[in-house]
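Q: Here is what each chain is made of, one letter per residue.
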Amino acid sequence: METHLQQCTACKAVFEEEKGLHFVLAEDAEAFELPSDLLVDSRRELANQLDQIEQKRSWWRLPTFSVVFTPMRLLESAALIALGLASGVYISNQQAAQSVATTSPSPTSLIGDFSTLPANGSVSNLRIVSANPATGQVELAGEIIQPLRMQGMMSDDTVRQLLVNALGDTSNSGSRLRAVEVLAQRANEQIVKEALIQALIYDENPGVRLKAIQGLRPYSSDAAVQAAIMHSLDQDMDAGIRVEAIEALTHNPRDLNLAKSLERFTRDDNSYVKMRALQFVGTNR
Amino acid sequence: MKRVFQSISIATLTLAFQLPALAKCPVSDNTMLVVKAPIGNLQVDTTGRDTIEVVAGNDIVIKEICGKDRVEYSAESPTQIRGTIDWKIVVPRTVSVDLITFGGSIRMTDSDASATLRTTGGPVSVGNIKGKTTIVTQGGFIKAGNIGGDAELRISSAGSIEVGNIAGNADLHTAGGAITAGSINGKVIADASGGAIHIKAARGDALLSADPGDIFIGEAARIDAKTTGGSITNSRVRGHVKGISDSGNIRLESAGSWVEATTGSGSIYVRMNPENFDGDLHVALQTGVGDIALHVPEQLKATFDAMIDRPALNGRRIVSDIPLNGIITAQTIAPTRTSPQRGVGLPGMINRFGTPDRQQGTLNGGGNPIKLHTSLGKIEIFKIKL
Numbered sequence: 000m001e002t003h004l005q006q007c008t009a010c011k012a013v014f015e016e017e018k019g020l021h022f023v024l025a026e027d028a029e030a031f032e033l034p035s036d037l038l039v040d041s042r043r044e045l046a047n048q049l050d051q052i053e054q055k056r057s058w059w060r061l062p063t064f065s066v067v068f069t070p071m072r073l074l075e076s077a078a079l080i081a082l083g084l085a086s087g088v089y090i091s092n093q094q095a096a097q098s099v100a101t102t103s104p105s106p107t108s109l110i111g112d113f114s115t116l117p118a119n120g121s122v123s124n125l126r127i128v129s130a131n132p133a134t135g136q137v138e139l140a141g142e143i144i145q146p147l148r149m150q151g152m153m154s155d156d157t158v159r160q161l162l163v164n165a166l167g168d169t170s171n172s173g174s175r176l177r178a179v180e181v182l183a184q185r186a187n188e189q190i191v192k193e194a195l196i197q198a199l200i201y202d203e204n205p206g207v208r209l210k211a212i213q214g215l216r217p218y219s220s221d222a223a224v225q226a227a228i229m230h231s232l233d234q235d236m237d238a239g240i241r242v243e244a245i246e247a248l249t250h251n252p253r254d255l256n257l258a259k260s261l262e263r264f265t266r267d268d269n270s271y272v273k274m275r276a277l278q279f280v281g282t283n284r
Numbered sequence: 000m001k002r003v004f005q006s007i008s009i010a011t012l013t014l015a016f017q018l019p020a021l022a023k024c025p026v027s028d029n030t031m032l033v034v035k036a037p038i039g040n041l042q043v044d045t046t047g048r049d050t051i052e053v054v055a056g057n058d059i060v061i062k063e064i065c066g067k068d069r070v071e072y073s074a075e076s077p078t079q080i081r082g083t084i085d086w087k088i089v090v091p092r093t094v095s096v097d098l099i100t101f102g103g104s105i106r107m108t109d110s111d112a113s114a115t116l117r118t119t120g121g122p123v124s125v126g127n128i129k130g131k132t133t134i135v136t137q138g139g140f141i142k143a144g145n146i147g148g149d150a151e152l153r154i155s156s157a158g159s160i161e162v163g164n165i166a167g168n169a170d171l172h173t174a175g176g177a178i179t180a181g182s183i184n185g186k187v188i189a190d191a192s193g194g195a196i197h198i199k200a201a202r203g204d205a206l207l208s209a210d211p212g213d214i215f216i217g218e219a220a221r222i223d224a225k226t227t228g229g230s231i232t233n234s235r236v237r238g239h240v241k242g243i244s245d246s247g248n249i250r251l252e253s254a255g256s257w258v259e260a261t262t263g264s265g266s267i268y269v270r271m272n273p274e275n276f277d278g279d280l281h282v283a284l285q286t287g288v289g290d291i292a293l294h295v296p297e298q299l300k301a302t303f304d305a306m307i308d309r310p311a312l313n314g315r316r317i318v319s320d321i322p323l324n325g326i327i328t329a330q331t332i333a334p335t336r337t338s339p340q341r342g343v344g345l346p347g348m349i350n351r352f353g354t355p356d357r358q359q360g361t362l363n364g365g366g367n368p369i370k371l372h373t374s375l376g377k378i379e380i381f382k383i384k385l
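First to last, the protein sequences are chains C and L. In this text, residue positions in the first sequence follow numbering that gives the first Met the number 0: the first is 0, and each later residue adds one. In this text, residue positions in the second sequence follow numbering that gives the first Met the number 0: the first is 0, and each later residue adds one.
Straight-line alpha carbon distances no greater than 30 angstroms define the calculated DSSO-like cross-link-like pairs of lysine-lysine that follow:
#, chain 1, residue 1, chain 2, residue 2
1, L, Lys-35, C, Lys-273
2, C, Lys-273, L, Lys-62
3, L, Lys-131, L, Lys-142
4, L, Lys-87, C, Lys-273
5, L, Lys-131, L, Lys-67
6, L, Lys-225, L, Lys-131
7, L, Lys-35, L, Lys-131
8, L, Lys-300, L, Lys-384
9, L, Lys-300, L, Lys-241
10, L, Lys-23, L, Lys-67
11, C, Lys-192, C, Lys-259
12, L, Lys-131, L, Lys-199
13, C, Lys-192, L, Lys-142
14, L, Lys-241, L, Lys-382
15, C, Lys-273, L, Lys-142
Hint data in this document are derived by calculation from the structure and do not stem from the laboratory.
Construct all of the structure, not just a fragment, from the sequences and the given hints.
A: As structure tokens, this is what we get:
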């Protein structure tokens, strides 16, 4: 390029003119430096102008992100933050309430005030649902364990249901035994009869089964009871229960259908069962 | 003709020895009657005089051995059983009996002698027996009147035992059912797998076990009682008591010596009434869920340690006639220089909210350790005058 400039006079003249211009620009660069807040000021001015224009636009427009904080934008942001906080508090409270309702095993959870606590109760698994240091308000959840002692009549549905439940309590054989002793006196009632049948067939304790079959004995002509006792006679591993079963079934001396069912027990391994079955079958021939 | 006559004579002689339906033997007071029945119910009537008579059904051929001191009846098992077989035995009440049936019930009226009655299946009912008595059944209940000697009543399967007073020691076992007994002059061992034990009184030691079932004993020398579910109740015990229940109340109305009682769930009530204050009178009562009430004589020398793991929030916790002081435990003290990692709160202050409540004290300068512990419930200590 330098060789060409030496040969071309016109080209050289243009080059020198351009070179001079660049030199001048480079030399006065400091004079052209912009003030540091010019950009921000310009943008603020622009935003104000735009705000005045945008007042005519609909209110539901989505806010646009901007680093410029105009009074209007600050108001908007404050409103949004307040809305967010309110929503957060609301959702948090809702979740806490749901948590109390779903995790508490009984109505004894602390929903009311502290005066509702029973004097002899003890609280376990205590959780702090919420606490407000400003107001001093605190919400707790947990379970109250309290000794229960109540009296009622056997004819009362709740009492009867509690006894039936106790008879099915697999974790407490003592309760089952006491329950079957009490319920056996009211085996004429259908719900009790069913509970006794369950106990006779499924309870693991021979004492409970013995009491159940003794309670059912007066109702051995009832089809369901007879079927349950027959099942015990056939399946129970305890010889004492089988003896009780054959005694209960042969309680009523005349029953042709039962005699037919008992025919197979005339060959039973248990001599007493065999003898009683033979006697009953013979009597009904 | 002669052969026919000979055959008839031999058959008659054979029958005379085997006595198919009726056997009869003369006996004295010391005679022992032994009956081995292959099957059938034994019905013993003790109104006989000088002889023993045994009658069985037509299907049974009785074999009789008449001895001076022993009379024995037995039979082969019948090839066919057509109904109930009853052995009707008439015997003087002074004759001891040893009866066994391989399937059938046994009934016997009052006897002045000893009795051993066994059946492989069937209930046993007897009246009053003056001598030593053993009754064993593999299925069915046992009912007996008063027994004048030692008594062993045993049911190897489900069935209840009811017996009156026993003059000697008592050994009572059932694999499922209740045991009820009157006053026992000697020691008693009672074991009920699934039934309550109710004994009016025992002059000797009482070793009682129910699995499960309530246990009641009116009076005893010493008591060792255990139930997997049920209450333990005693009116008066002269010696020590050891009572364990998995779930149920324990109540000792008058304890003459040391007491150790534990229940998983239930209240414990003990009223101490010792005759000798120099003996071992320690008390250890522990319940998982339930109250403890202890009555101690005012002259007792004792050191108390009462603790509630989870005391009630608003109710009274440890109530005592004897001054007790709250003590500081590792869980309740504030951080100190020596234990900077433990606890919260102010140094030396007991945090009573949700932490164990433990108090100690002494009576008459201290002595017999009294430890009372409930996880959930209250503790009451009363000072009484004897």
